[in-house]
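Fit chain S to the given chain X structure using the hints.
Protein chains: 2
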Amino acid sequence: MTKSLDRKTAQREALIEAAERIIGAQGLQGLKARDLAHAIGCSLGGVYNLVGDIDELILHVASRTLRSLSEAMTAASHSDMAPEAQLSAIAIAYCRFAQAHQPLWRALFEHRMGRDKTLPDWAINDQLGLFAHVAAPLRRLLPNADADSLNLLSRTLFSAVHGIVWIGLDEKLVAVPVAALEGQIETLVCAACRGLAEEKAFSHSRGNA
Amino acid sequence: MTKSLDRKTAQREALIEAAERIIGAQGLQGLKARDLAHAIGCSLGGVYNLVGDIDELILHVASRTLRSLSEAMTAASHSDMAPEAQLSAIAIAYCRFAQAHQPLWRALFEHRMGRDKTLPDWAINDQLGLFAHVAAPLRRLLPNADADSLNLLSRTLFSAVHGIVWIGLDEKLVAVPVAALEGQIETLVCAACRGLAEEKAFSHSRGNA
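Quick mapping for you: the protein sequence lines, in order, are chains X and S.
With my numbering applied, the first sequence corresponds to residues -9 to 199, in that order.
With my numbering applied, the second sequence corresponds to residues -9 to 199, in that order.
In isolation and in its complexed conformation, chain X is listed as follows:
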């Protein structure tokens, strides 16, 4: 019993890795159940014994991508940096990760669940965890902002950088050279930080600290 469970776990892991390789090479549209079955040496039905459906499989791959991305952002950032510098460093790390793993990264945002299917809570939390990287330095930048404002602003600043990277790397829109792209990210993040820190609502008592 345990042996067969172990075997199933190992096969499931192999399936997720095969899916990761295919998405990493060809993007989401390259993912076919037939090829997955072939890659792990099982029948088509065997694939659906390991995961509920292809959406669930994609979410497991996304979870791994998000974990690596999160590690890259953590490694680039130290809490002894000035908040603006830390936010810039996180944003540049995001850009570099996206560039190095473009198809897996794009898949995070392009994947849509099939009709009438909802995202499991663990997958939502995986994704919302990205915004958390921004929250700590933002709290230091805006000591008077309340928790709700900080949450929302973290998402906003993350999303702004995400948009710059998404459109910046898009070959279809004539990609921006990498050095220029990183320069733009830094310019925008620093300008936004400067502007936010001056906003009365977020830091009016900063001078009194």
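Calculated directly from the structure, the hints in this document are not laboratory data.
Quick caveat, the model's predicted, so the values are computed rather than measured.
Mixed in with the good hints, there may be bad ones.
Pairs involving identical chains hold if they fit within one copy or between any two copies, as the list cannot separate such chains.
[Unchecked claim] Under the rule of at most 30 Å between Cα atoms (straight-line distance), these lysine-lysine pairs were calculated in the DSBU-like manner:
| id | residue 1 | residue 2 |
| --- | --- | --- |
| 1 | Lys22 | Lys107 |
| 2 | Lys(-7) | Lys22 |
| 3 | Lys190 | Lys107 |
| 4 | Lys107 | Lys(-7) |
What follows is chain S alone, placed relative to chain X:
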């Protein structure tokens, strides 16, 4: 001869409109040549007499979407507004358009050309035209920035707003309520404008003007 050309033009227009309806209702993945042929009452081969391939058809739909989007941004913006206010108004108009036409808007950014196919120049220009809306107010905000910096910054600011809207409207990431989303766009745009205007490189002689 002219009559048959007119007929072909009209049929092509009907095909683009049918594709627009399908993408508008179901997104890019809903687009099937078979359904298009049925919608305009021709054979499958007939579809490919009217457009080179489905990629080209999608680009024609994108061109229409970009035209409406551009009109919406123009209508929301007046050059007698303060530059920050004008940039905010353009960004809010972008957000509202995206929300009202989500599948067509998402298709603009999700569509990838088939392997080894390049985007025609007209389609590139269509897309880059979006950034131009931001350039005029940005030029007024940063009177000392050179043309290259302004071009790049226009793309960056547009992309930042795009990212906030993309992730903000994403049901998968728990969409942000619309009023909050518009508030966040305004906060980010105004903070970035304030920060940029203080940047020496862009406006150091502003005080002397």
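Do the hints match the structure? See the list:
no., hint, verdict
1, Lys22 / Lys107, "both (20 Å within a copy, 23 Å between copies)"
2, Lys(-7) / Lys22, "within (29 Å within a copy, 46 Å between copies)"
3, Lys190 / Lys107, "neither (43 Å within a copy, 51 Å between copies)"
4, Lys107 / Lys(-7), "neither (33 Å within a copy, 50 Å between copies)"
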